[in-house]
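**Q** Heads up: the protein sequence lines correspond to chains A and B, in order.
Last residue of the first sequence: 136 in the numbering used here, with the numbers rising by one and none dropped.
Last residue of the second sequence: 211 in the numbering used here, with the numbers rising by one and none dropped.
If you're looking for bench data, these hints aren't it; they were derived computationally from the structure.
Note that the structure is predicted; figures quoted are calculated from it, not measured.
Heads up, some of the hints might be wrong.
To be verified - Some chain B residues close to chain A (C-beta under 10 Å, calculated; not the full set):
(1) VAL102
(2) ASN139
(3) PHE188
(4) ALA190
(5) LEU199
(6) GLY204
Unchecked claim - Label-pair distances were calculated between CB atoms; the ranges are:
(7) TYR137/B to GLY119/A: 23 to 31 Å
(8) SER29/A to SER107/B: 20 to 28 Å
(9) HIS180/B to ALA22/A: 20 to 28 Å
(10) ASP47/A to THR153/B: 27 to 35 Å
(11) LYS86/A to ALA99/B: 21 to 29 Å
(12) LYS86/A to TYR137/B: 27 to 35 Å
(13) LYS203/B to THR77/A: 19 to 27 Å
(14) HIS180/B to THR121/A: 14 to 22 Å
(15) TYR137/B to ASP47/A: 21 to 29 Å
(16) GLN143/B to THR77/A: 44 to 52 Å
(17) GLY119/A to SER112/B: 38 to 46 Å
(18) ALA99/B to HIS27/A: 17 to 25 Å
(19) LYS156/B to LYS34/A: 46 to 54 Å
(20) GLY36/A to THR149/B: 22 to 30 Å
Even glycine gets a Cβ: it sits at the ideal position worked out from N, Cα and C.
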Amino acid sequence: GAVVSQHPSWVICKSGTSVKIECRSLDFQATTMFWYRQFPKQSLMLMATSNEGSKATYEQGVEKDKFLINHASLTLSTLTVTSAHPEDSSFYICSANPGRTQETQYFGPGTRLLVL
Amino acid sequence: AQSVTQLGSHVSVSEGALVLLRCNYSSSVPPYLFWYVQYPNQGLQLLLKYTSAATLVKGINGFEAEFKKSETSFHLTKPSAHMSDAAEYFCAVSEQAGTALIFGKGTTLSVSS
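Full structure from sequences and hints, please.
**A** Here's what the structure looks like:
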């Protein structure tokens, strides 16, 4: 149980285009999902917290107009990288939490984004 | 504020040797502590977690970790390394259930035959 999927796993796009990444909890409902970014050989950095039915909370330094997050249902959160640039190339990982009293997060397999 | 320090960005052991990956945390309240493993180009897999129950936590693949409040540590160990243990290991902390994790910088474990 507790499986989180991400789609796509790999995406290559041209600079200036927008890319949407989906994060789904397959066998549980997630009131909260988190989006992390991981640069090569580095740790995971929290970008934003996504709560179902409300606006996402962004970490300091993360542009909310560039990284649009939508959590429209209890099993789906999407991250859209708008007007992507090469510096946005990274590994994006989502995690889902089954409930606010649950301490364990379940991570998706990640999405590798390469912006040319 | 919470933080996690992983001492040693790279640890190399021989197959069959003891694995010790160090993690120290800072937290103003009793924390939840986690160890995750990441294989290349993959997401994170939970190895084990501490949630204020037993201080010695056993996880998957023969790993275990001991919570030591006096040392603010949560070191990960495995008695005998296997080649398949070669991966990136992350220690993480959260102060409250349901909140985001704060990750250490990670430790790369190499296992030689």
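**Q** Next step is simple, just say for each hint if it's right about the structure.
**A** For each hint, the structure was consulted:
1. VAL102: holds (9 Å)
2. ASN139: holds (7 Å)
3. PHE188: holds (7 Å)
4. ALA190: OK, holds: ALA190/B within 10 Å of chain A, min 8 Å.
5. LEU199: holds (6 Å)
6. GLY204: holds (5 Å)
7. TYR137/B to GLY119/A: 23 to 31 Å: Roughly 28 Å apart at Cβ, these two residues keep to the hinted range, so it holds.
8. SER29/A to SER107/B: 20 to 28 Å: holds (27 Å)
9. HIS180/B to ALA22/A: 20 to 28 Å: holds (25 Å)
10. ASP47/A to THR153/B: 27 to 35 Å: holds (31 Å)
11. LYS86/A to ALA99/B: 21 to 29 Å: Holds - the Cβ-Cβ distance for LYS86/A and ALA99/B, about 26 Å, lies within 21 to 29 Å.
12. LYS86/A to TYR137/B: 27 to 35 Å: holds (30 Å)
13. LYS203/B to THR77/A: 19 to 27 Å: Roughly 24 Å apart at Cβ, these two residues keep to the hinted range, so it holds.
14. HIS180/B to THR121/A: 14 to 22 Å: At roughly 36 Å between Cβ atoms, THR121/A and HIS180/B fall outside 14 to 22 Å, so the hint is violated.
15. TYR137/B to ASP47/A: 21 to 29 Å: Given about 22 Å between the Cβ atoms, the range holds.
16. GLN143/B to THR77/A: 44 to 52 Å: violated (26 Å)
17. GLY119/A to SER112/B: 38 to 46 Å: Given range 38 to 46 Å: holds, Cβ gap about 43 Å.
18. ALA99/B to HIS27/A: 17 to 25 Å: violated (34 Å)
19. LYS156/B to LYS34/A: 46 to 54 Å: holds (49 Å)
20. GLY36/A to THR149/B: 22 to 30 Å: 45 Å Cβ-Cβ, so the 22 to 30 Å window is violated.
Of the numbered hints given earlier, the model fails hints 14, 16, 18, 20; all others are met.
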